[in-house]
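Protein chains: 2
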Amino acid sequence: MPVDVQHILHSGSERIDQTLERLLPAPDTIPHSIHRALRHTVFAGGKRLRPILCMEAARMVAHHKNSAASYPDGVEELGSAIEMLHTYSLVHDDLPALDNDDLRRGKPTCHVVFGEAIAILAGDALQTQAYEVLSNLRCPAPAIVSIVREISIATGTVEGMIGGQVLDIEGERQAPTAAMVEAIHRAKTGALITTSLVCGGIYAGASPDRVEHLRVFGKKAGLAFQIIDDVLDVTQSSEQLGKTAGKDTATVKATWPAVYGIEKSLADAANLITAAFAEMEGFGASAEPLKAVARYLVERKH
Amino acid sequence: MPVDVQHILHSGSERIDQTLERLLPAPDTIPHSIHRALRHTVFAGGKRLRPILCMEAARMVAHHKNSAASYPDGVEELGSAIEMLHTYSLVHDDLPALDNDDLRRGKPTCHVVFGEAIAILAGDALQTQAYEVLSNLRCPAPAIVSIVREISIATGTVEGMIGGQVLDIEGERQAPTAAMVEAIHRAKTGALITTSLVCGGIYAGASPDRVEHLRVFGKKAGLAFQIIDDVLDVTQSSEQLGKTAGKDTATVKATWPAVYGIEKSLADAANLITAAFAEMEGFGASAEPLKAVARYLVERKH
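Protein sequence lines, in the order shown, are assigned to chains A and B.
Taking our numbering, the leading residue of the first sequence gets 119, the next gets one more, and so forth.
Taking our numbering, the leading residue of the second sequence gets 119, the next gets one more, and so forth.
Just to be clear, a hint being listed does not mean it is correct.
Chain A is nowhere near these chain B residues, computed Cβ spacing over 10 Å in every case [stated by the list, open to error]:
| no. | residue |
| --- | --- |
| 1 | 242 |
| 2 | 243 |
| 3 | 250 |
| 4 | 260 |
Sample of chain A residues with no beta-carbon within 12 Å of chain B, all distances over it, derived [as the list claims (entries may be wrong)]:
| no. | residue |
| --- | --- |
| 5 | 120 |
| 6 | 122 |
| 7 | 129 |
| 8 | 224 |
| 9 | 242 |
| 10 | 289 |
| 11 | 330 |
| 12 | 352 |
| 13 | 404 |
| 14 | 416 |
FRET-style restraints, in silico, Cβ to Cβ [as the list claims (entries may be wrong)]:
| no. | chain 1 | residue 1 | chain 2 | residue 2 | range |
| --- | --- | --- | --- | --- | --- |
| 15 | A | 184 | B | 225 | 30 to 40 Å |
| 16 | A | 184 | B | 410 | 54 to 64 Å |
| 17 | A | 259 | B | 396 | 31 to 41 Å |
| 18 | A | 139 | B | 161 | 52 to 62 Å |
| 19 | B | 400 | A | 258 | 26 to 36 Å |
| 20 | A | 400 | B | 147 | 12 to 22 Å |
| 21 | A | 389 | B | 150 | 55 to 65 Å |
Note that these hints are calculated values from the structure, not bench results.
Nothing here was measured: the structure is a model prediction, and the numbers come from that model.
Just so you know, even glycine gets a beta-carbon here, dropped at the ideal spot from N, CA and C.
Throw the hints in and build the complete structure from the sequences for me.
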């Protein structure tokens, strides 16, 4: 049976939007400014790719155990917590002291609208709120504890998101090397994508060895997605991207095409996806929707 | 048997320092700058009051259940996670966009030494690392989940630390009222102090009604500690405090003495502690060390 990727992406992002709407404090909650800032950043047109990957991993594990099963009950709350963490990283990345970006997806960034102080605190609050959501997940307590551990490591300084951000800042002073670009991509974006898949699997009760296959799948596919992001930044216009195109090359940012060129970048992404798919063999036909989403992400043109 | 408060404070802070030393990544971990920044801020001379209150609450609960029991195994890791969260809030509060403080406890603040970008990320990282530590606590998984929930609410925007910080920023534009000062204190500092006690109790396996007594104790005692902090800021010199004294009155910050004067502030703090102690009656003599620490904190002169 063919997989309708557009339907998965559309219904998945709608489901995450509705869940975020329910989980975030209402905009008239005191203090007003921070709650308006949270909603401004969370509902700024994100594609919800990490939560969708998380939900598809959970559905795959559930379906492989019982072919009548679909998305595990409440998995959209796990996906929403992951989206909060992703959004917190964007809010802080955009700050004047970091990337100093005034626009994201064509809209003014949090600090432009609410000021730097509230933007710093809004990022902080999204991280905090994510852990509150995790503490209320509808899965057994040991699974929640594993998910908290996975997510905190994936967003941390040693091999996670913050570490990648620091490497990126430090790397701006020198010409990018292949090792540096790969290290930054794996930590800055790869770790949270990988943990989205891993935690989806844990939520659905995957065995430890299945979780490890999801981890390897995530590492390879996550790197492929980032390579495609890098390529699109070079080849697309500002209008299509909703941000300042070519910004990464202008500041000699550490990107895959800057080191390897566009042709090899596209080939690397395709090879990584093939290798990632090999990890999903044990899930049989249950893996088709997740694989279709991953294939779409490396073949997209915008 | 008399309680040796100085010994509790000294050995408690030493134990927390040793645990933080073990839990934080080594300073030569890559990327270097962020790991050096974490240690700079965490080992800047904090008194470790929140972890000490947490450990004493846990000891009280354990001792009340079994008079041969002392501190529950591993409770210093819970205390260290709470100290990381407290430190993250200080690092971000000190940033130029917030309080713009160059000194804390007589030492240059994180952004002065490492720059704003690393200071923002170091604060983020301390929050992240705290949750990683919580996920590894040596207590049953349901207790860990409860602790994650308590701590995320206590540091959040609705009734927690970030919300209090926002109220404080918003309040700077107007003359402080009694209701405003109390709301700020309860959220900005009271919530984390309360949760330190509550989580210490949960860690030691306290029953739900005992946990609620600890919560009321924490709310009253936490407010008393903050009132004393406010009073000391007015009455002490910069040298004794290691920060710019009188800064709160200079900017008409929302403080207890600014609304009520010093004499009534001292009386309020004493009355709050008496009311807090009434909550501890069910713990009998097991509560003496915790009460002695609380009494010391409202009677301290610096």
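Now the hints, each set against the structure:
Taking the minimum C-beta to C-beta distance to chain A, about 6 Å, the non-interface status of residue 242 of chain B is violated against the 10 Å cut. A beta-carbon of chain A is positioned within 10 Å of the beta-carbon of residue 243 of chain B; the least distance is around 5 Å. Residue placement check: residue 250 of chain B does not keep its beta carbon more than 10 Å from all beta carbons of chain A (closest about 4 Å). A Cβ of chain A approaches the Cβ of residue 260 of chain B within 10 Å, the least distance being about 4 Å, so the stated non-interface status is violated.
For residue 120 of chain A, the shortest C-beta to C-beta distance to chain B comes to about 40 Å, beyond the 12 Å cut-off, and the non-interface label holds. Distance to chain B confirms residue 122 of chain A as a non-interface residue, since its nearest Cβ pair spans about 36 Å, more than 12 Å. With a least beta-carbon separation of about 29 Å from chain B, residue 129 of chain A lies farther than 12 Å from that chain, consistent with its non-interface assignment. Residue 224 of chain A, annotated as away from the interface, keeps every beta carbon of chain B farther than 12 Å; the closest lies near 25 Å.
At the 12 Å boundary, the C-beta of residue 242 of chain A falls inside the reach of chain B, the nearest C-beta of that chain being 6 Å off. For residue 289 of chain A, the requirement that its beta carbon stay farther than 12 Å from each beta carbon of chain B is not met, with the minimum near 10 Å. Non-interface status of residue 330 of chain A relative to chain B is upheld: no Cβ of that chain comes within 12 Å, the nearest being about 19 Å off. Here residue 352 of chain A stays apart from chain B, with its beta-carbon at least about 25 Å from theirs, past the 12 Å limit.
Separation of residue 404 of chain A from chain B is adequate, the least Cβ-Cβ distance of about 28 Å exceeding the 12 Å criterion. Distance check for residue 416 of chain A against chain B: the nearest CB is about 28 Å away, which clears 12 Å, and the non-interface claim stands. Roughly 59 Å separates the CB atoms of residue 184 of chain A and residue 225 of chain B, a value that falls outside the hinted 30 to 40 Å. In this structure the hint that residue 184 of chain A and residue 410 of chain B lie 54 to 64 Å apart at CB holds, the actual value being about 58 Å.
Residue 259 of chain A and residue 396 of chain B have their C-beta atoms about 34 Å apart, which keeps the hinted 31 to 41 Å range intact. Checked against the given bound of 52 to 62 Å, the beta carbons of residue 139 of chain A and residue 161 of chain B, roughly 42 Å apart, lie outside it. Residue 400 of chain B and residue 258 of chain A have their C-beta atoms about 32 Å apart, which keeps the hinted 26 to 36 Å range intact. One distance hint, 12 to 22 Å for the beta-carbon pair residue 400 of chain A and residue 147 of chain B, is violated here, with the actual separation near 35 Å.
Distance hint for residue 389 of chain A and residue 150 of chain B: a CB-CB separation of about 33 Å, inconsistent with the stated range 55 to 65 Å.
Of the numbered hints listed earlier, those contradicted by the structure are 1, 2, 3, 4, 9, 10, 15, 18, 20, 21.
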